Amino acid sequence: MLSKFRPVMVLLLAALLLSLVGCAPKAAADGPKTVKVLTMQQAGPTPEEMNEIVAKFNEANPNIKVEIEYVSYDALHDKIATAMATNPPSYDVVLVDDIWYAEFAKAGYLWDVTAKIDAQTKEKVFAAAWDITTVNGTTYGMPWLLDAKYFFYNEKILAEAGFSAPPKTWEELVEQSKVIKEKGLVEYPIAWSWGQAEAVICDYVALLFGNGGSLVDAEGKPAFNNEKGVQALAWMLQTIEDGISNPASVSYVEEDVRNVFSQGKAAFAVNWLYMYELANLNADESQITGQVKFGLMPAFAGSGVESATINGSMGFSVVDKSPNREAAWEYVKFLTSESIQKEYSAHLLPVWSGNYEGEALDSLTKLNEATPVTVPAFKAQFPFSHVRPKVPYYAEGSKALQLAIQEALTKLKTPQQALDDAAAKWVELQAK
Amino acid sequence: MKRYRKTLQTAGKLFLMLLILLFIYAPLAWLLLSSVSTRADLLATPPRWIPEHPTLQNYRNILIPGTAVSEVARTFKYTLANSFLVATVTTVICLFVGSLAAYALARLRMKYRDAIFMGILSVRMIPEISLVIPLYVAAAFLGWRDKPIILIVTYLSFALPFAIWMLTTFFETVPIELEDAALIDGSSRLGTLFRVVLPVAAPGIVSTALFTFLLAWDEFFFALLFTSTIQAKTVPVAIAEFTGRYAVDITAMMTGGVLAALPPVILALIFQRYIVSGLSAGAVKG
Amino acid sequence: MTQASIPRKTLNLRQQEMRDGMWMLLPGILIIFIITLIPVLYTFVLSFTNTPLSNPRPQDFVGLANYLAFLKSQQFWQAIWRTFYFTVVSVGAELVLGLAIASLIHSRPPGWKFLRTSLIIPWAVPTIVNGALWRWIYNADYGALNGLLMSLGLITKYRAWLTEPATAMNLVIIADIWHSLPFVVLILQAALATIPVEMEAAAAVDGATAWQRFWLIRIPLLQPAILVALIIRTVEAFRVFDIIYVITQGGPAFGTVTISYLTYLESFSYGHLGSGSAMSFLISLFTLAMALIYIRLFYRPEVRA
Numbered sequence: 001m002l003s004k005f006r007p008v009m010v011l012l013l014a015a016l017l018l019s020l021v022g023c024a025p026k027a028a029a030d031g032p033k034t035v036k037v038l039t040m041q042q043a044g045p046t047p048e049e050m051n052e053i054v055a056k057f058n059e060a061n062p063n064i065k066v067e068i069e070y071v072s073y074d075a076l077h078d079k080i081a082t083a084m085a086t087n088p089p090s091y092d093v094v095l096v097d098d099i100w101y102a103e104f105a106k107a108g109y110l111w112d113v114t115a116k117i118d119a120q121t122k123e124k125v126f127a128a129a130w131d132i133t134t135v136n137g138t139t140y141g142m143p144w145l146l147d148a149k150y151f152f153y154n155e156k157i158l159a160e161a162g163f164s165a166p167p168k169t170w171e172e173l174v175e176q177s178k179v180i181k182e183k184g185l186v187e188y189p190i191a192w193s194w195g196q197a198e199a200v201i202c203d204y205v206a207l208l209f210g211n212g213g214s215l216v217d218a219e220g221k222p223a224f225n226n227e228k229g230v231q232a233l234a235w236m237l238q239t240i241e242d243g244i245s246n247p248a249s250v251s252y253v254e255e256d257v258r259n260v261f262s263q264g265k266a267a268f269a270v271n272w273l274y275m276y277e278l279a280n281l282n283a284d285e286s287q288i289t290g291q292v293k294f295g296l297m298p299a300f301a302g303s304g305v306e307s308a309t310i311n312g313s314m315g316f317s318v319v320d321k322s323p324n325r326e327a328a329w330e331y332v333k334f335l336t337s338e339s340i341q342k343e344y345s346a347h348l349l350p351v352w353s354g355n356y357e358g359e360a361l362d363s364l365t366k367l368n369e370a371t372p373v374t375v376p377a378f379k380a381q382f383p384f385s386h387v388r389p390k391v392p393y394y395a396e397g398s399k400a401l402q403l404a405i406q407e408a409l410t411k412l413k414t415p416q417q418a419l420d421d422a423a424a425k426w427v428e429l430q431a432k
Numbered sequence: 001m002k003r004y005r006k007t008l009q010t011a012g013k014l015f016l017m018l019l020i021l022l023f024i025y026a027p028l029a030w031l032l033l034s035s036v037s038t039r040a041d042l043l044a045t046p047p048r049w050i051p052e053h054p055t056l057q058n059y060r061n062i063l064i065p066g067t068a069v070s071e072v073a074r075t076f077k078y079t080l081a082n083s084f085l086v087a088t089v090t091t092v093i094c095l096f097v098g099s100l101a102a103y104a105l106a107r108l109r110m111k112y113r114d115a116i117f118m119g120i121l122s123v124r125m126i127p128e129i130s131l132v133i134p135l136y137v138a139a140a141f142l143g144w145r146d147k148p149i150i151l152i153v154t155y156l157s158f159a160l161p162f163a164i165w166m167l168t169t170f171f172e173t174v175p176i177e178l179e180d181a182a183l184i185d186g187s188s189r190l191g192t193l194f195r196v197v198l199p200v201a202a203p204g205i206v207s208t209a210l211f212t213f214l215l216a217w218d219e220f221f222f223a224l225l226f227t228s229t230i231q232a233k234t235v236p237v238a239i240a241e242f243t244g245r246y247a248v249d250i251t252a253m254m255t256g257g258v259l260a261a262l263p264p265v266i267l268a269l270i271f272q273r274y275i276v277s278g279l280s281a282g283a284v285k286g
Numbered sequence: 001m002t003q004a005s006i007p008r009k010t011l012n013l014r015q016q017e018m019r020d021g022m023w024m025l026l027p028g029i030l031i032i033f034i035i036t037l038i039p040v041l042y043t044f045v046l047s048f049t050n051t052p053l054s055n056p057r058p059q060d061f062v063g064l065a066n067y068l069a070f071l072k073s074q075q076f077w078q079a080i081w082r083t084f085y086f087t088v089v090s091v092g093a094e095l096v097l098g099l100a101i102a103s104l105i106h107s108r109p110p111g112w113k114f115l116r117t118s119l120i121i122p123w124a125v126p127t128i129v130n131g132a133l134w135r136w137i138y139n140a141d142y143g144a145l146n147g148l149l150m151s152l153g154l155i156t157k158y159r160a161w162l163t164e165p166a167t168a169m170n171l172v173i174i175a176d177i178w179h180s181l182p183f184v185v186l187i188l189q190a191a192l193a194t195i196p197v198e199m200e201a202a203a204a205v206d207g208a209t210a211w212q213r214f215w216l217i218r219i220p221l222l223q224p225a226i227l228v229a230l231i232i233r234t235v236e237a238f239r240v241f242d243i244i245y246v247i248t249q250g251g252p253a254f255g256t257v258t259i260s261y262l263t264y265l266e267s268f269s270y271g272h273l274g275s276g277s278a279m280s281f282l283i284s285l286f287t288l289a290m291a292l293i294y295i296r297l298f299y300r301p302e303v304r305a
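Protein chains in written order, with full-length UniProt numbering: chain L, 1 to 432; chain D, 1 to 286; chain H, 1 to 305.
Next comes chain L alone, as it looks inside the complex (with noise of 0.2 Å):
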């Protein structure tokens, strides 16, 4: 009964071990170089544009073959975390959001390239920029996509509501609010992204420097829950309840606030340089074309403050298990030098301030109809932004105080209760 039966049965298993053992590795060969990048959709330069890129950077490098793998922002993380696990890794460049570099520096993930950057690009780069990338005074790559929060307005809401300027100090914002409130022009003046995730923390950091505070003190301690971070808190719950920011808020990103804003349902919004192009310039998708403005991010008043927002950013850096990586590093610092930012930053902003001055500055604000305006909002805010905490152990104490802000908004827990739950998690973390 088993004869015509067995045979079927070996032949499947030996394909099965054939199949298992028939595609092991091949050994890398010798000769040309390839050097495996992993970044992300949408960072700066189109695919096209990538690629132009790698041309020029084969004109003086033929023996250095770069191949680009584009993931989305969301799975960026987990494929570095995974791609680690083998040896050699996946990729030999990866590009690192800003409050990933203490996780992936202390795990050893990244390349130490203090020592290969030279004093003058070290000065040429924005201070702010090299923030992104240095923990502890070490420096694992080169900063890219600079960004940070902005304060847009609707000059046509607040013309209406006869304001011919934007707030300068949240206080102010809340005065111009109530009158657009009353005036029936908008429902609630203000939208931003307090939904339970990054975003929260970027809109109170902007919030809680702009109240003279900070997230940790000097001694890495935390800091949040002191008078100061209660306050911003405190005030964020305000006005949820006095109709002034808008309740969804809670629950949104900053995706949504872009909707609300250019719906004209907003007098106000707080979000990425992004938003401009898409609210003022493209009528497909925004209903307020042409009356989206940028204003200085407000601060509160009495702290001292002129303004405050977040610094999000990120960077390039070289894998240190890579087996080419001087190599990857050759094609990062072209990737991100002077010259080759000049000319590809229609969907980025340079980290040079050279890029901003002179001849280069007039042809920065001609690559294309938002630069003009971008630029400048750039120049005037970026020096004001923040950087998040450089600990490793950033993304489990973020969670914990977006939890907090959000228990306090859902009134779930006091502002002071909520933080101070957060603070001790952060000291908790510390120890480990």
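Read the hints as simulated data drawn from the structure, not as lab findings.
Careful: at least some of the hints might be erroneous.
Said to hold, decoys possible - Derived lysine-lysine pairs resembling BS3-like cross-links, with alpha carbons at most 27 Å apart: (1) K342(L) / K321(L); (2) K366(L) / K411(L); (3) K65(L) / K6(D); (4) K168(L) / K221(L); (5) K156(L) / K168(L); (6) K33(L) / K221(L); (7) K366(L) / K56(L); (8) K181(L) / K113(H); (9) K122(L) / K156(L); (10) K13(D) / K113(H); (11) K178(L) / K113(H); (12) K116(L) / K156(L); (13) K116(L) / K106(L); (14) K181(L) / K293(L); (15) K411(L) / K113(H); (16) K72(H) / K425(L); (17) K157(H) / K411(L); (18) K321(L) / K116(L); (19) K293(L) / K366(L); (20) K432(L) / K321(L); (21) K183(L) / K293(L); (22) K65(L) / K333(L); (23) K425(L) / K228(L); (24) K116(L) / K342(L); (25) K178(L) / K425(L); (26) K178(L) / K156(L); (27) K221(L) / K72(H); (28) K425(L) / K411(L); (29) K6(D) / K321(L); (30) K33(L) / K13(D); (31) K411(L) / K122(L); (32) K72(H) / K432(L); (33) K293(L) / K178(L); (34) K156(L) / K157(H); (35) K113(H) / K6(D); (36) K342(L) / K106(L); (37) K183(L) / K113(H); (38) K413(L) / K113(H).
All values reported here derive from a predicted model rather than from experimental measurement.
For this one, chain L is given, so just place chains D and H on it according to the hints.
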């Protein structure tokens, strides 16, 4: 009087049906509507149930070569093909290997049968998260990263236990007398399976195939971590990539959703008769 | 669970049957063994360590510390409770609605075929799109839900739906029901189709009310089908992740963080592979326990004979 009551009853049933159909179709209508609207239309309040500027731009971007504005739209059709390949091969393997195992579990008197059966069921309960790291290390070692084969192999981890489990319940409904007759006629065990059991259980097999196909088609987490280029990237991952760091191309995403739903829906409609009778066979025996 | 058929083989044949069975099971067991059990054992070992995601070789053994930490963690028990809530409410609603809709289809009202066909479509919409779709529908400022309720006159002012933890959880459940209900209906409807009409007709003649017929005849006969639907849906619901990730990201205030979501945060966001592994083991144990309870409650061996 009685006829009057009957009419009333039918009217009540029709009203209930209307409610159910509304629950099914309202979100679907919204999905379709979103895929042909501009964002400005989609954001309007009150909602525009008929868009002011209907556009097929998203469909054109994805379906007509050379019109795409984004890399994701341009490569979307390749990801459809990848998904189709991965889901089909996974399904075929599950059916073949699964039928053998299910037959043994359903028919043969064996020691530890119950233990094996529960063991297979419990494999289905393991969260993907707990498999992903070891599988990634293995994939990298074998050089399978970003190849369809890694998805096929890893999808077997949840699809095969599911298929074995479903098929076992289906096979148990096939009248045992049929097989006994074949066995007495000298047919081999395997011959009986292929010539007698499979044809009778065909509806069950077709439904298992569809379920398995849908499981593989919908899978996101493994595909996200194991693939990154059009060599192997699947549809759910491509759809997720309509999301940038902040901006979400919602209308394109909805278009992707409509297109991704079409293949399984067409398959389900073609095989609908089998699904229903197949399910009935399996379900009764539990 | 063995067959209760008449003994038809000699002992010798029975041994052969055993051997045949082993051969037939081998490919399936082998595949499952290689691609799941080995990784699972690996994670099992990891669950007794403090291995970081950055270097996933088992290291820094801590014994049962990870498991003990969960016992004390409020966040963990809240996530378990939310997962149970999600599972019980969504599977329960699917079962009740599924029975009702299946019975409706079974009574063959005009257009029942159209209804049955329509049911398949939500099932084919990819989960990730399903999530994005519902997130948009629930949006407070431009969502279709507010628009619809407003035009029906049910609300006078737009409401923010996802800003309150309990509401958010229930809305996620509705989105999940939309996607999964069809599966339950199809299974139950198919099982109903096999119940002999005579049984219910005879009961009706004996004076049983429609309600009695439903509970005393229909439900017992449907038990095996209910078991299939229950187990499959419970296993899926207990692991729910994607749809929450897309609709609420676990918010507001962790109100929709289920156990799978917490495991994801622990393993991938925080990089604690060790305790993440321990957590995923507990999920498997909980699901297995529930499946066993169901089988105890509903399994009627005599039905299978």
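Results of checking the hints against the structure:
{"no.": "1", "hint": "K342(L) / K321(L)", "in the structure": "violated (32 Å)"}
{"no.": "2", "hint": "K366(L) / K411(L)", "in the structure": "violated (48 Å)"}
{"no.": "3", "hint": "K65(L) / K6(D)", "in the structure": "violated (77 Å)"}
{"no.": "4", "hint": "K168(L) / K221(L)", "in the structure": "violated (31 Å)"}
{"no.": "5", "hint": "K156(L) / K168(L)", "in the structure": "holds (18 Å)"}
{"no.": "6", "hint": "K33(L) / K221(L)", "in the structure": "violated (45 Å)"}
{"no.": "7", "hint": "K366(L) / K56(L)", "in the structure": "holds (23 Å)"}
{"no.": "8", "hint": "K181(L) / K113(H)", "in the structure": "violated (53 Å)"}
{"no.": "9", "hint": "K122(L) / K156(L)", "in the structure": "violated (43 Å)"}
{"no.": "10", "hint": "K13(D) / K113(H)", "in the structure": "holds (14 Å)"}
{"no.": "11", "hint": "K178(L) / K113(H)", "in the structure": "violated (57 Å)"}
{"no.": "12", "hint": "K116(L) / K156(L)", "in the structure": "violated (50 Å)"}
{"no.": "13", "hint": "K116(L) / K106(L)", "in the structure": "holds (20 Å)"}
{"no.": "14", "hint": "K181(L) / K293(L)", "in the structure": "holds (20 Å)"}
{"no.": "15", "hint": "K411(L) / K113(H)", "in the structure": "violated (49 Å)"}
{"no.": "16", "hint": "K72(H) / K425(L)", "in the structure": "holds (15 Å)"}
{"no.": "17", "hint": "K157(H) / K411(L)", "in the structure": "holds (22 Å)"}
{"no.": "18", "hint": "K321(L) / K116(L)", "in the structure": "holds (17 Å)"}
{"no.": "19", "hint": "K293(L) / K366(L)", "in the structure": "holds (19 Å)"}
{"no.": "20", "hint": "K432(L) / K321(L)", "in the structure": "holds (26 Å)"}
{"no.": "21", "hint": "K183(L) / K293(L)", "in the structure": "holds (21 Å)"}
{"no.": "22", "hint": "K65(L) / K333(L)", "in the structure": "holds (15 Å)"}
{"no.": "23", "hint": "K425(L) / K228(L)", "in the structure": "holds (19 Å)"}
{"no.": "24", "hint": "K116(L) / K342(L)", "in the structure": "holds (22 Å)"}
{"no.": "25", "hint": "K178(L) / K425(L)", "in the structure": "violated (37 Å)"}
{"no.": "26", "hint": "K178(L) / K156(L)", "in the structure": "holds (16 Å)"}
{"no.": "27", "hint": "K221(L) / K72(H)", "in the structure": "holds (25 Å)"}
{"no.": "28", "hint": "K425(L) / K411(L)", "in the structure": "holds (20 Å)"}
{"no.": "29", "hint": "K6(D) / K321(L)", "in the structure": "violated (77 Å)"}
{"no.": "30", "hint": "K33(L) / K13(D)", "in the structure": "violated (70 Å)"}
{"no.": "31", "hint": "K411(L) / K122(L)", "in the structure": "violated (47 Å)"}
{"no.": "32", "hint": "K72(H) / K432(L)", "in the structure": "holds (17 Å)"}
{"no.": "33", "hint": "K293(L) / K178(L)", "in the structure": "holds (20 Å)"}
{"no.": "34", "hint": "K156(L) / K157(H)", "in the structure": "holds (25 Å)"}
{"no.": "35", "hint": "K113(H) / K6(D)", "in the structure": "holds (20 Å)"}
{"no.": "36", "hint": "K342(L) / K106(L)", "in the structure": "violated (33 Å)"}
{"no.": "37", "hint": "K183(L) / K113(H)", "in the structure": "violated (55 Å)"}
{"no.": "38", "hint": "K413(L) / K113(H)", "in the structure": "violated (52 Å)"}
Consistency with the previously given hints fails for numbers 1, 2, 3, 4, 6, 8, 9, 11, 12, 15, 25, 29, 30, 31, 36, 37 and 38, ordered from lowest to highest.
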